[in-house]
Every structure is written in structure tokens, then in C-alpha cells.
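A.B. asks: Can you make the complete structure from the sequences, with help from the hints?
Per this note's numbering, the very first residue in the sequence shown carries number 1; after that it's consecutive.
Source of the hints: derived by calculation from the structure; they are not laboratory data.
C-beta: ideal position from N, C-alpha, C; glycine also.
Don't take every hint at face value.
Across the chosen pairs, the derived CB separations fall in these ranges [as the list claims (entries may be wrong)]: (1) G52 / N91: 25 to 33 Å; (2) D7 / V89: 16 to 24 Å; (3) V66 / N91: 32 to 40 Å; (4) P111 / A40: 15 to 23 Å; (5) F90 / V47: 26 to 34 Å; (6) G80 / K33: 14 to 22 Å; (7) E51 / F90: 17 to 25 Å; (8) V89 / G69: 35 to 43 Å.
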Amino acid sequence: MRVIRVDASSATILLTEAPAPKVRDRQTGEIAKDAVSGEALMTVGVVFIDEGESSLIQVTIPESGVTDGLTVGAPVSLPGLIARPWESVFNGQQRHGIAYRATAVAPGAFPMAQAG
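C.D. replies: As C-alpha cells, then:
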């Protein structure tokens, strides 16, 4: 599948859900692991605001990429943010979406107002 780099340089990204372990199997409670490093994965909820439009998204990050000082409602940065389209068939129903992944989540700042 194609990986799309997301340019977040002009966006405001606000934390809406604190980091939590990404569950691979809801029945067993198994935590998802990175396929390459084997590191546990976490998810965070954010609102991504850019050019007057906003989207609520879930972003997966490695456990080591979660930094201290995160506050729900505060701006964050998501270095290395990528989007990966996906599709699957579950119980005969075709499903599709976009999975987001970043190398870390860290306290951020509101972008500077652009001089007009």
C-alpha cells in the first residue's frame, strides 16, 4: 500500500485523547506491536485543523515516542506523520479507511499567524 507523507507544518493539532495502548485483539486484550521492532504501539486522538477544515483522527505511535508533558486540549506535534490507505473484508462487508502513524507525539505550539 502507498504511504503518503502528511505536511502538518501549517496545521494546528490538538490532543483530544491521551495516549493509550493499541489493542490488536479485543477478545484477548493483546497489545499491538510494531512488525519490525516488536515495540508496543500506542494511539492518540487528535483534531487536525488546517485551512479552515478539521478532522478527528487516531494516530498510532511507538510507545517510546510518547513524550512527557502531554495535556488533553493542548497543541501537539506529530513528527514523521504519514497516512496509509487500507481496505479489508470483514463478515462479508468491505471496509476501507486511512491509518495514520507518526514517530512520536510531543507537546507542540500554536502556529504563528501568517502575515497577510
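A.B. asks: Hint by hint, where does the structure go against what was stated? Just the numbers, ascending.
C.D. replies: 1, 2, 4, 7
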